[in-house]
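Novice: Starting from the known structure of chain A, fit chain B onto it as the hints suggest.
From first to last, the protein sequence lines stand for chains A and B. Quick note on numbering: the working numbering labels position 78 of the first sequence as 78, and the sequence is numbered without any gaps. Quick note on numbering: the working numbering labels position 79 of the second sequence as 461, and the sequence is numbered without any gaps.
Note that these hints are calculated values from the structure, not bench results. Computed from a predicted structure; not experimentally measured. Each residue gets a CB set at the ideal place from its N, CA and C atoms; glycine is no exception. Treat the hints with care, since some could be wrong.
[Claimed, not checked] Interface residues of chain B toward chain A, partial, derived using beta-carbon atoms under 8 Å:
no., residue
1, Ala399
2, Val401
3, Arg402
4, Ser405
5, Arg411
6, Ser426
7, Ile434
8, Glu691
[As the list claims (entries may be wrong)] Below are the PhoX-like pairs computed for lysine-lysine, each with C-alpha atoms no more than 25 Å apart in a straight line:
no., chain 1, residue 1, chain 2, residue 2
9, B, Lys505, A, Lys145
10, A, Lys145, B, Lys437
11, A, Lys13, B, Lys505
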Amino acid sequence: MTTVIDVEGVSKKFKIHHERNQSLKERLLHPRSGTTEVFDALTDINFRVSTNETVGILGHNGSGKSTLLKCICGVLQPTSGEIRLRGNLAALLELGAGFQTELSGRDNVYLYGAMLGFSKKMVDAIFDDIVAFSEIEHFIDTQVKFYSSGMYVRLAFAVAVNVNPDILVVDEVLAVGDERFQAKCIDRIRTFQEEGRSILLVTHQADQVRALCDRAIVLDAGRMVANGPVQESLRIFREHLLEDAVELDRTGAQVDMSIDSVTTRSGSFDVRSGAGMSFDVNITTHSAYSGYFMMEVFTRSGLLVSRSDAQRSPVNLRPGSNSVGVDLPQIPLLDGVYDVNVGIVDHHGTVIAWRERAASIQVTYDGREGGIVELGASIRQQ
Amino acid sequence: MSDASTAGFHRGSLDDAPVRVVSARANLRTRLTNLWARRELLSSLVFSDIRIKYKDSALGLFWSMLAPALTLAIYDLVFSVILKNGIPNFALYLFSGLVVWNLFQNAINMATGVIVDRAGLVKKVSFPREILALANVGAAVIYFAIQLAVLCLFLVILGHAPAWNYLWILPFSFVALYLLTASIAIVMSAITVYLRDMRHLMEVVLQLWFWMSPVVYSYEKTIAAPLHAHGIAWAYFLNPVTLIIMTFQRIFYVQTSVMSTVTNGGIINILPKWPMSTYFYLNVSMVALMAALFLLALTIFGRLEGNFESEL
Chain A
1 MTTVIDVEGV
11 SKKFKIHHER
21 NQSLKERLLH
31 PRSGTTEVFD
41 ALTDINFRVS
51 TNETVGILGH
61 NGSGKSTLLK
71 CICGVLQPTS
81 GEIRLRGNLA
91 ALLELGAGFQ
101 TELSGRDNVY
111 LYGAMLGFSK
121 KMVDAIFDDI
131 VAFSEIEHFI
141 DTQVKFYSSG
151 MYVRLAFAVA
161 VNVNPDILVV
171 DEVLAVGDER
181 FQAKCIDRIR
191 TFQEEGRSIL
201 LVTHQADQVR
211 ALCDRAIVLD
221 AGRMVANGPV
231 QESLRIFREH
241 LLEDAVELDR
251 TGAQVDMSID
261 SVTTRSGSFD
271 VRSGAGMSFD
281 VNITTHSAYS
291 GYFMMEVFTR
301 SGLLVSRSDA
311 QRSPVNLRPG
321 SNSVGVDLPQ
331 IPLLDGVYDV
341 NVGIVDHHGT
351 VIAWRERAAS
361 IQVTYDGREG
371 GIVELGASIR
381 QQ
Chain B
383 MSDASTAGFH
393 RGSLDDAPVR
403 VVSARANLRT
413 RLTNLWARRE
423 LLSSLVFSDI
433 RIKYKDSALG
443 LFWSMLAPAL
453 TLAIYDLVFS
463 VILKNGIPNF
473 ALYLFSGLVV
483 WNLFQNAINM
493 ATGVIVDRAG
503 LVKKVSFPRE
513 ILALANVGAA
523 VIYFAIQLAV
533 LCLFLVILGH
543 APAWNYLWIL
553 PFSFVALYLL
563 TASIAIVMSA
573 ITVYLRDMRH
583 LMEVVLQLWF
593 WMSPVVYSYE
603 KTIAAPLHAH
613 GIAWAYFLNP
623 VTLIIMTFQR
633 IFYVQTSVMS
643 TVTNGGIINI
653 LPKWPMSTYF
663 YLNVSMVALM
673 AALFLLALTI
683 FGRLEGNFES
693 EL
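Next up, chain A with everything else stripped away, as it sits in the complex:
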């Protein structure tokens, strides 16, 4: 294990000009006009990433995650502090930003490779892989300005992942391309993980972090509020989202609500595969609230098994203690421990109260099917 990214005491301040005087005349005539405000985008960030580690950076819009990423990639310089990097770094920030639209795809592959710091010889060796991965063989000698946006992004992604970086930085780009291409990208990221490379994944999608990361860092208003196991960080991330949601509540009626516990009548969360289960979610709320109940079930490796349909589960909560009953008539899951997250959302789907890992269901299974769900396939010979 070698430390490949070492972020030490990094802060970044931006100057925001409220009146932009960029012409010489304006500057000479009114040297002091307009105000400048200093905005703290990042405050004293410290963390390390080692080889063989995939770290997620979570934060909602404006939390500073993109600024942090740009600092790590060297696009921005921190105002104070230092980032030390070891090995090649390829960043998937705004795919295709380095492309010259007047040049052909082929020329752009070499130019982009050079931007990422790879020599022509190195790009030569992987050129065919890049083209194959991007699936635009027929258009590689066409000027990039004639590409569709999908082709554009696929080519950029193909270059970045095929240059074999030691550190791959991914910024919410997995949302590009069609589903098949996305699967291919995720697949490539998994290969990277198996090869022991380091990946830094920036997202606000908790699912992606659960599915891919070993560890997660949570940023809130430029400060690092969590750096630890995925489940723990996700809990903190949700809590910070809630705090902000309360602050943003325009009606002024703050919803002070908490999910206290999840209990079963039998007292046990052990269940046999195929059997049913019921549990109660105990919620305390300060004022009456009409919202929707939502539940997520995850495997321990972070794969989302099921998310309930909130729109079909309206709840009317009274001030004080409430109990919401959940019936699972038949659990088709196979052997394993499954984590349950529960929460209350409003009609937009915005989380009002949430509890990460509110319960863990232990499923035992006697059959011989493998995987996570029993389909009960039966075979007939015709």
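Specialist: For chain B alone, coordinates are given in the frame of chain A:
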């Protein structure tokens, strides 16, 4: 992917891999190291710049010769034929100075707005930003090389031999020219981010600068005497382009060691009567001075670079 690992990608231990540091301010040494490490990007950018410029034109690079050729023809017509300035082989005199001036002017004109124009790239991709300005200088050097080749062709056609014994000073003069041009290009590219007017200002400044340099007239023949009379001849040589242009003219225009040329029975001086050693020492000092200027330019760029993000 398997063949990639054989093509020079180190996979194995990263313990020995060099550590790169991103911090508030890179020192000069780091800047130079980073620049050198990314020289391949520089050449990629130079050639892609040239390719983009002539991408859809039928005549391509030919245009890079046509425009200077036209300038040359016009100046020759105006100064030699109409104004009868009396400089023999004036076209060659003009050409020798113009190749230098074109490099200087092209590079600075292109580089002044380059960071503003490529803001998308600057804000998204990590590389030493001064490479953008240097790429413009690089492209100007390519055009310079083409024009120099045409100048040599001219010499052959006209049967006009250059001053062979001075030819070895040319590299010094070229290095000084490159460093001077690169320094101004780098600094201007950064200043323009903050003061967008610089683009227009620079066009005016370059015009003034052109007439302060002995390209279309001869310093010795026209203004040397009045300047000497006032004791301010040294001021003319504060313009670093002057020495470089004179050196190019000495090499390509003057055939023998004779500085004066006979026309209509009279003797006129066209270039200063310096011995070869003076040309050498002046050019070597200029290289040293310009190298210092280049380092200063990188330092200034580093200072200005920090706030690009909030200005672009």
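Novice: Of the numbered hints stated earlier in the document, which are not met by this structure?
Specialist: Checked against the structure, the only hint that fails is number 5, while the rest are satisfied.
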